[in-house]
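Here is how the chains run, residue by residue.
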Amino acid sequence: MKLKRVAALLLALILGFTLFISGCGRNAAPPQNQKGFDAVVSAAKGTTVNFYSWGGDEKINKWIDTVLAKNVKDNYGITLKRIPMDDTQTAITKLMDEKQSGVDKGSIDMLWVNGENFYTAKENGLFYGPFTAELPNFQKYIDQDSDDIKYDFGVTVDGMEAPYAKAQFVFINDSSVTPETPKNAQELLEYAKKYKGKVTYPAPPDFTGSVFVRQIIYDVVGYDKVNAAGTDKEKIKAAIQPAMDYLKELKPYLWKEGKTYPASSGQLDNMFADGEVVMDMNYDPNTVAAMIDKGTVKDTARDFIFDKGMIGNTSFLAIPANAPNKEGAMAVINAILTPELQASKYDPSNWGALPVLDNNKLSDSEKQLFDKIPLGKGVIPQSTLLSKRQPELPASVVPIIEEIWQSEIPNK
Amino acid sequence: MSYSKLKICLMLLPLSILMAVFFIGLINGVMESFGVFPAAGLTKLTFSYYQEVFQDSGLTASLLLSLYISLTASVFAVAAGVLVSTAATVGGLARSKFFQIVKLPVIVPHTVCALLMLNLFSQSGLLARIAFQIGLIQNQEEFLSIMFDKNSFGIILAYLWKEIPFVILVVVTVMANINGSLGEAAQNLGASKWKVFINVTLPLCLPSIATSFIIIFAYSFGAYELPFLLGATQPKALPVQAYVEYIYPDLAHRPYAMVLNSIMIVFTVFISYFYYRLESRLKRTGGKNEPA
Amino acid sequence: MNRLKADKSAFVPTKTGKKRHRLSRALICLSYFLVLFPLLILFVWSFTGRWSWPHLLPETFSARALGELFGGYSGAVQVLLSSILLSTAVALIAIAVSVPAARAIVLTAFWGKDFLKFIVLLPVIVPATAFAMGVHMLFIRVGLSDTVVGVILIHIILCLPYTVRIMSEVTAATGDRLEAQARVLGASPKKTLISITFPLAMPGIISAFCMAFIVSFSQYFVTLLIGGGTVTTYAMFMFPYIQSGDRTIAAAYSLLFVLSTLLVFIVLERRIKKYYNIEDVFFFS
Chain A
1 MKLKRVAALL
11 LALILGFTLF
21 ISGCGRNAAP
31 PQNQKGFDAV
41 VSAAKGTTVN
51 FYSWGGDEKI
61 NKWIDTVLAK
71 NVKDNYGITL
81 KRIPMDDTQT
91 AITKLMDEKQ
101 SGVDKGSIDM
111 LWVNGENFYT
121 AKENGLFYGP
131 FTAELPNFQK
141 YIDQDSDDIK
151 YDFGVTVDGM
161 EAPYAKAQFV
171 FINDSSVTPE
181 TPKNAQELLE
191 YAKKYKGKVT
201 YPAPPDFTGS
211 VFVRQIIYDV
221 VGYDKVNAAG
231 TDKEKIKAAI
241 QPAMDYLKEL
251 KPYLWKEGKT
261 YPASSGQLDN
271 MFADGEVVMD
281 MNYDPNTVAA
291 MIDKGTVKDT
301 ARDFIFDKGM
311 IGNTSFLAIP
321 ANAPNKEGAM
331 AVINAILTPE
341 LQASKYDPSN
351 WGALPVLDNN
361 KLSDSEKQLF
371 DKIPLGKGVI
381 PQSTLLSKRQ
391 PELPASVVPI
401 IEEIWQSEIP
411 NK
Chain B
1 MSYSKLKICL
11 MLLPLSILMA
21 VFFIGLINGV
31 MESFGVFPAA
41 GLTKLTFSYY
51 QEVFQDSGLT
61 ASLLLSLYIS
71 LTASVFAVAA
81 GVLVSTAATV
91 GGLARSKFFQ
101 IVKLPVIVPH
111 TVCALLMLNL
121 FSQSGLLARI
131 AFQIGLIQNQ
141 EEFLSIMFDK
151 NSFGIILAYL
161 WKEIPFVILV
171 VVTVMANING
181 SLGEAAQNLG
191 ASKWKVFINV
201 TLPLCLPSIA
211 TSFIIIFAYS
221 FGAYELPFLL
231 GATQPKALPV
241 QAYVEYIYPD
251 LAHRPYAMVL
261 NSIMIVFTVF
271 ISYFYYRLES
281 RLKRTGGKNE
291 PA
Chain C
1 MNRLKADKSA
11 FVPTKTGKKR
21 HRLSRALICL
31 SYFLVLFPLL
41 ILFVWSFTGR
51 WSWPHLLPET
61 FSARALGELF
71 GGYSGAVQVL
81 LSSILLSTAV
91 ALIAIAVSVP
101 AARAIVLTAF
111 WGKDFLKFIV
121 LLPVIVPATA
131 FAMGVHMLFI
141 RVGLSDTVVG
151 VILIHIILCL
161 PYTVRIMSEV
171 TAATGDRLEA
181 QARVLGASPK
191 KTLISITFPL
201 AMPGIISAFC
211 MAFIVSFSQY
221 FVTLLIGGGT
231 VTTYAMFMFP
241 YIQSGDRTIA
251 AAYSLLFVLS
261 TLLVFIVLER
271 RIKKYYNIED
281 VFFFS
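For the record, the sequence lines run as chains A, B and C. Its first residue numbered 1, the first sequence is counted upward by one per residue in UniProt numbering. Its first residue numbered 1, the second sequence is counted upward by one per residue in UniProt numbering. Its first residue numbered 1, the third sequence is counted upward by one per residue in UniProt numbering.
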């Protein structure tokens with residue numbers, strides 16, 4: 001009996017010890033990684049990181065200039081220099097030229113990118129990596145198996161870029177002007193008929209106009225059918241025909257009878273603010289809160305979404321293959337993946353971007369950081385949005401759909 | 001004063017170097033239109049991009065639209081600019097400080113000008129609001145469709161606001177100088193002020209007027225900003241079409257943009273050739289003694 | 001003030017003359033209005049929060065543009081100052097290149113002259129996207145990519161159509177007879193240059209400077225492509241806001257853009273006029 005007890009005790013001890021060891025073992029990998037990352041951090045200390053970032057939003061710029069820049073200065077001794085771009089393509093063109101001329105030390109350390117530009121860059125080997133596995137916070141907080149992280153517009157990420165923010169397409173209108181919130185394409189048609197001449201969408205290839213057309217395709221045809229059509233133009237055309245028919249049916253009720261469309265998302269935002277149209281749309285669900293906050297629209301404006309769900313994407317941070325300061329960029333990206341900065345970025349008074357961290361990997365106190373943040377005015381809660389999230393189509397399919405729209409809709 | 005060959009070369013050297021840099025860049029771009037684009041893995045010389053673009057029925061429409069916009073804008077801008085300069089010259093205001101404010105739009109960037117025009121002339125713009133407040137219209141759709149229309153009035157209006165001041169800037173100083181010195185002499189000889197202006201001053205201003213015309217024409221033919229922001233979705237002006245092709249994410253699409261750019265260049269070369277013929281004739285009849 | 005100036009001009013007071021005079025005065029007043037009214041809107045928008053249909057005046061006002069420009073965090077003011085320096089350098093070099101070239105074009109005969117006169121116009125015609133890549137590759141090869149010098153060079157190329165044309169006009173209008181006379185009378189080349197050539201060309205130089213400054217000051221695509229992070233300019237800050245349609249911020253940036261350009265021109269003209277004792281008005285002051 002005694003022996004049995006001793007044996008059991010021993011067993012328990014061994015078991016416990018093994019567990020402890022294995023626990024250590026599981027933790028042992030990151031420390032080793034941590035060691036590698038420590039070298040990165042010490043190499044990055046005192047350096048400057050050139051961050052090429054789209055510069056069209058005052059709040060995003062301010063967040064980078066004040067919160068992010070201060071954070072990396074305090075934590076890593078890095079000076080963050082924001083280079084505003086009006087179009088990410090300029091940076092891609094620059095990298096392309098440099099690659100062709102064999103420049104191994106360029107001037108871009110870090111780039112805000114996704115979708116088609118990432119596809120082009122990856123195809124041409126413009127980015128450094130894979131590097132995300134070396135970031136402790138990527139290991140600690142990111143759900144690496146989720147499609148939002150693994151794919152960028154249908155292109156596998158393969159560790160070549162780290163998630164920055166999530167976005168999801170939403171419609172916007174003002175409850176004091178139009179109480180309706182169309183729940184599907186059919187209801188949207190009724191809505192357009194009721195408010196004849198006061199609904200429109202930006203002309204693709206505008207980013208927002210393009211996602212609107214895809215959203216209609218998802219609602220009328222369904223994601224699976226389009227995705228199954230592959231990248232062949234004729235097959236895609238056949239698959240999305242019902243959606244094109246729908247857009248033709250919608251056309252006569254649109255602004256200027258659908259003969260012309262706003263050239264950009266910004267123009268549509270302004271037309272909505274002016275009351276020239278009753279409906280707006282954006283790939284960032286927090287836009288409505290930002291507009292209310294800036295005072296351009298009344299606080300009765302709000303998001304609304306289709307019942308079947310809305311298209312979402314993740315935007316990423318990449319490091320060019322010829323970045324002069326890769327260590328600095330990695331340190332900054334690691335900082336961006338902390339709960340503190342993701343929460344501050346999520347705060348609608350700062351930026352309002354949906355966080356990219358896995359909620360299950362956060363400690364209670366870290367979760368509280370996010371729970372504390374009030375929902376922006378008029379914004380649909382994150383949980384609702386994520387439960388109705390639909391994936392983006394592959395980056396190579398997007399321009400094909402834009403071409404089909406161009407030849408099918410505005411002229412006929 | 002005589003100049004030796006060496007001296008002429010030295011005087012032209014810096015300009016030539018800079019133009020050479022420009023041409024190296026341009027040739028690179030034109031080569032892309034023939035499919036030589038190593039960055040996108042294209043190296044074989046081909047005319048297929050030109051063939052494809054020429055087969056597209058939209059090309060003629062785009063070309064005509066661009067021509068219509070740039071000709072209308074430059075003709076009206078020059079006419080109005082000369083008119084205002086004339087008024088200022090005969091009114092003796094050309095040198096007054098206050099008059100200089102009419103040159104202000106020259107500083108305003110074209111995209112900002114687009115914002116301003118939208119604010120004024122769109123269907124929710126200030127003019128429409130005034131029409132609504134005084135009861136001329138009951139809702140926005142009743143207001144004239146100036147912006148985004150196929151008649152391109154919005155684009156032309158925006159160009160006029162920017163370019164009339166440019167014409168004034170180029171013309172008015174010259175005009176006032178000539179009218180001041182020659183005008184007085186002619187008047188002393190008994191000619192009326194208007195006769196002097198029309199027969200003496202205006203012909204002498206023609207080179208400046210022509211300069212402003214060709215610059216405005218060339219600019220409005222090649223710039224995409226205003227037609228992109230204020231134009232109809234289709235047909236697109238040629239530079240807008242080129243811009244859309246340029247921003248196409250697949251780099252293998254770049255050659256199409258360069259084909260359109262090349263078409264624009266060839267076209268402006270033709271127009272400029274006729275312009276130079278015209279200009280040299282004007283100079284001969286204008287009684288200008290250009291030492292050359 | 002206008003009335004005073006207008007009355008000062010010696011005008012033959014015939015009946016038709018008076019009528020025409022009145023007509024031209026009306027035309028001038030109309031152009032004042034047409035220029036100033038949109039600029040007034042620019043001013044109003046800089047402080048506007050919401051301004052929806054059918055209000056004639058903004059419903060709410062906002063100071064967020066002030067924060068963006070002068071709050072210190074965006075760095076807009078420092079960038080404005082360095083951009084002014086950059087564009088001044090560009091304009092001066094463009095003129096230094098254009099003055100002798102224009103003299104050669106106008107006063108001498110050489111092979112390919114008409115061709116040269118035509119091709120200097122090309123940078124206005126050809127979209128920057130068509131040649132910027134090629135220039136970038138060239139600059140990479142010679143080590144000018146990501147340098148201030150590279151940015152200045154590409155800006156100058158874009159200014160040349162304006163500066164060369166304007167300087168050619170002025171040179172053609174003044175000719176070189178006065179200079180020849182001065183030389184005949186025994187003035188040294190240096191003295192001729194300083195006391196004859198420059199004062200005669202000054203109106204053209206100032207116009208050309210202004211155009212070159214404006215062209216350089218509003219470049220953003222080529223600046224980003226050629227300069228990379230080494231050169232950030234005011235235009236690079238401003239244009240993304242215009243493109244994204246944020247009217248309040250865009251209007252404020254534009255207003256500051258216009259005002260600072262104006263200030264540069266006024267200071268420049270004052271100095272030059274004082275130095276050369278000229279009373280003409282060339283651009284603004």
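It should be emphasised that the hints constitute simulated quantities derived from the structure, not laboratory data. All figures in this text were calculated on a predicted structure; none of them were measured in a lab. C-beta: ideal position from N, C-alpha, C; glycine also. Mixed in with the good hints, there may be bad ones.
Straight-line distance between alpha carbons at most 30 Å, and here's what the computed BS3-like set of lysine-lysine pairs gives [claimed, not checked]:
1) C:LYS18 - B:LYS195
2) B:LYS150 - A:LYS248
3) C:LYS190 - B:LYS195
4) A:LYS256 - B:LYS150
5) B:LYS7 - C:LYS18
6) A:LYS150 - A:LYS81
7) B:LYS150 - A:LYS259
8) C:LYS190 - C:LYS113
9) C:LYS113 - B:LYS5
10) C:LYS190 - B:LYS7
11) A:LYS193 - A:LYS150
12) A:LYS194 - B:LYS150
13) B:LYS5 - C:LYS191
14) B:LYS5 - C:LYS274
15) B:LYS44 - A:LYS233
16) A:LYS196 - B:LYS150
17) C:LYS117 - B:LYS7
18) A:LYS99 - B:LYS5
19) B:LYS97 - C:LYS273
20) C:LYS117 - B:LYS97
21) B:LYS5 - C:LYS19
22) A:LYS237 - B:LYS5
23) B:LYS97 - C:LYS190
24) B:LYS97 - C:LYS19
25) A:LYS193 - B:LYS150
26) C:LYS113 - B:LYS7
27) A:LYS196 - A:LYS235
28) A:LYS251 - B:LYS5
Covered by chain A, per the in silico footprint, the following chain C stretches (three or more residues, Cβ under 8 Å) [to be verified]:
29) 47-53
30) 56-65
31) 124-137
32) 214-225
33) 239-246
Chain B residues, not near chain C, derived (Cβ > 10 Å throughout) [to be verified]:
34) LYS5
35) GLU52
36) LEU71
37) VAL90
38) MET117
39) ASN119
40) GLN140
Going down the list of hints, with the structure as the test:
1. C:LYS18 - B:LYS195: holds (15 Å)
2. B:LYS150 - A:LYS248: holds (20 Å)
3. C:LYS190 - B:LYS195: The given pair, whose Cα atoms are some 42 Å apart, is violated under the 30 Å limit.
4. A:LYS256 - B:LYS150: holds (11 Å)
5. B:LYS7 - C:LYS18: Status violated; Cα separation ~53 Å.
6. A:LYS150 - A:LYS81: Holds: LYS150 (chain A) and LYS81 (chain A) sit about 29 Å apart, inside 30 Å.
7. B:LYS150 - A:LYS259: Measuring from Cα to Cα gives roughly 9 Å; hence the hint holds.
8. C:LYS190 - C:LYS113: This hinted pair holds, its Cα atoms lying about 27 Å apart.
9. C:LYS113 - B:LYS5: holds (14 Å)
10. C:LYS190 - B:LYS7: holds (16 Å)
11. A:LYS193 - A:LYS150: Not OK: LYS193 (chain A) and LYS150 (chain A) at ~41 Å, beyond 30 Å, violated.
12. A:LYS194 - B:LYS150: holds (26 Å)
13. B:LYS5 - C:LYS191: holds (23 Å)
14. B:LYS5 - C:LYS274: Violated, at about 37 Å.
15. B:LYS44 - A:LYS233: Roughly 25 Å separates the two Cα atoms, so the pair holds.
16. A:LYS196 - B:LYS150: Roughly 21 Å separates the two Cα atoms, so the pair holds.
17. C:LYS117 - B:LYS7: Within the cut-off at roughly 18 Å; holds.
18. A:LYS99 - B:LYS5: violated (43 Å)
19. B:LYS97 - C:LYS273: holds (14 Å)
20. C:LYS117 - B:LYS97: violated (33 Å)
21. B:LYS5 - C:LYS19: violated (55 Å)
22. A:LYS237 - B:LYS5: Violated, at roughly 65 Å.
23. B:LYS97 - C:LYS190: Cα-Cα ~33 Å, so violated.
24. B:LYS97 - C:LYS19: Given that 30 Å is the threshold and the Cα spacing comes to 24 Å, the pair holds.
25. A:LYS193 - B:LYS150: OK: LYS193 (chain A) and LYS150 (chain B) at ~24 Å, within 30 Å.
26. C:LYS113 - B:LYS7: The given pair, whose Cα atoms are some 15 Å apart, holds under the 30 Å limit.
27. A:LYS196 - A:LYS235: violated (33 Å)
28. A:LYS251 - B:LYS5: violated (67 Å)
29. 47-53: Coverage by chain A holds for the segment 47-53 of chain C (5 residues, Cβ < 8 Å).
30. 56-65: Holds: 3 residues of the segment 56-65 of chain C have a Cβ under 8 Å from chain A.
31. 124-137: holds (count 3)
32. 214-225: It holds: at least three residues are needed, and the segment 214-225 of chain C offers 4 whose Cβ sits within less than 8 Å of chain A.
33. 239-246: Three-residue rule met by the segment 239-246 of chain C, so holds; n is 7.
34. LYS5: violated (8 Å)
35. GLU52: Non-interface label on GLU52 (chain B) holds, nearest chain C Cβ at 18 Å vs cutoff 10 Å.
36. LEU71: holds (15 Å)
37. VAL90: violated (6 Å)
38. MET117: At roughly 8 Å from the nearest Cβ of chain C, MET117 (chain B) sits no farther out than 10 Å, so the non-interface label is violated.
39. ASN119: Since the minimum Cβ distance to chain C is about 6 Å, ASN119 (chain B) lies within 10 Å and the statement is violated.
40. GLN140: Given a closest Cβ separation of 7 Å, the condition is violated.
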